[in-house]
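Q: Sequence:
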Amino acid sequence: MTTPAAPASRIPEAVHRRRWAILGVLMLSLLIVVLDNSILNVAIKTISTPAPTGLGATQSELEWAINAYTLVFAGLLFTAGLLGDRLGRKKVLLGGLAVFGIGSALAAFSGSPGELIGFRAVMGLGAAFVMPATLAVLMNVFERDEQPKAIGIWAGGVGLAIAIGPITGGVLLDHFWWGSVFLINVPIVVLALGLMLWLVPDSRDPNPGRIDPVGVLLSVVGLVLLVYGIIKGGQLADFTDATVLSTIGAGLAVLVAFVVFEKRSDHPSIDVRYFKNKVFSAAIAAIALVFFALMGVTFFSVFYTQSVRGYSPLQTGLLMLPLAAAQMIFAPRARLLVDRFGNKATTTGGMVLIAAMLAAFATLEADTPIWLLEVIFFLMGTGMAHIMTPVSVVIMQALPREKAGSASALSNTFRQVGGALGIAVLGSVLSTSYRTGIEDKLGPLPADVRHTAGESIEATLGVAEKLGPQGRALVHPAHDAFLHAMHITALWGAGIAVIGAIVVALFLPGKAPARQAGDQEQELVAAE
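Position 232, counted from 1, in the sequence shown is what the working numbering calls 233; the numbers after and before it change by one each time, with no gaps.
Listed next, the in silico PhoX-like pairs over lysine-lysine satisfying Cα-Cα at most 25 Å (straight line): (1) 345 with 279; (2) 264 with 277; (3) 345 with 150; (4) 467 with 442; (5) 442 with 233; (6) 264 with 279.
Label pairs and their in silico Cβ distance ranges: (7) 264 with 195: 42 to 52 Å; (8) 50 with 273: 43 to 53 Å; (9) 276 with 250: 22 to 32 Å; (10) 251 with 52: 29 to 39 Å; (11) 251 with 364: 37 to 47 Å; (12) 53 with 507: 51 to 61 Å; (13) 473 with 178: 24 to 34 Å; (14) 257 with 369: 43 to 53 Å; (15) 485 with 241: 20 to 30 Å.
Hints were generated in silico from the structure; no laboratory data involved.
The C-beta atom is built at its ideal place from N, Cα and C for all residues, glycine as well.
Start from the sequences, fold in the hints, and give me the full structure.
A: Now the structure itself:
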């Protein structure tokens, strides 16, 4: 009798009644954070086009335009979560949305790739304060028995953003300049701010942790150095270069120092004791590995559809619709499979499906029927939906309710780091493989443009267009070199997904009797 009564007294009745409306506002806030990256995916080819159409960004600059956002986002998530716990999640959400909106407006009017990279970092700063607060508020307005359903709907919101992002980006690029893909965020931010002021209650941790500036600095510096070294290696097509090796080595050394510092700190950003629990660690690893693979494949699939197949940005957005539709359909229902088969079987199956679809990318050619790509995207979205929902529930319920901001930050940190490393590593594999395949075809070009032309398919096609009739001989070799590079990159991504499948198959829990589920959650909370 006592146990059922406790939750009712904790959540005010007025908040409980409007909990689904609050979830809608939280999903709108989440939507703009995810929407921005999904819109950017279809715009990267346009941004790489020389002015006035684009900014003439190189492939490495495009990777940085994406990773400047994700690295700042990932590096500040824990500090943002702690500030939300201390100052109040609603205040942090409002401030984060405002910064994100300002960064979006500035990015829209960037005059160079360098400016775009800088303003993307500002957007990442705002997003870092939005993402963990949305899940933390969710965990404080829903009772534990409704949390899996709410998290499933929240995860479905990610699928919605992935769905409408590329299509919205394609429509905007068909009618406006490239900066419109960032400017579109501003009215959504204004709407979200108004609804949040009206509907969302504030909450905070009665015993918040202390801010860890040294840990934040070490994590950001370490990740930036590591990603810079990986991207530079791909740009040079030489991972034995002294600069590349020293930068990667320095990044790894700083990250090791970060882990040591966190273990010894009495107020760490990341409580490494949680990682002693194999279930918790496996769930975190699953998120990181699936986004490593997914972000990498999204990056190269845009060049496949636009540069090789000749589709417009809008058509590319429509082609990616099955990926998002599958997430929207299956994410809210994934808990039904978990109830029937358990976390282990559901998540492992999702990982295996993603690995198979990444391997299927290695079979695509310039004339492959496009419906096969649609099937691949749909099945990839299905796999993701059956990974994200169960592992998000495991992670969010592993910590006490008042630490929801930290749990959300931990989940999203590893998701963003996994995605950033996926773009860096798989982008570098793509760049290195492409340069290797096209180099012997660039001999007739002037020496001063040969290196630039070999960096990406878009660079080669840009040079070919400037050369006129003489450049047409480069188009077919560029397509062949890109397809070969895409096949290699896809197989790398598939290998990463296989590793993820092995991890979750070994360490996630199987199906447990219904009455033991609560005991299992308590074990996770107590794990050190």
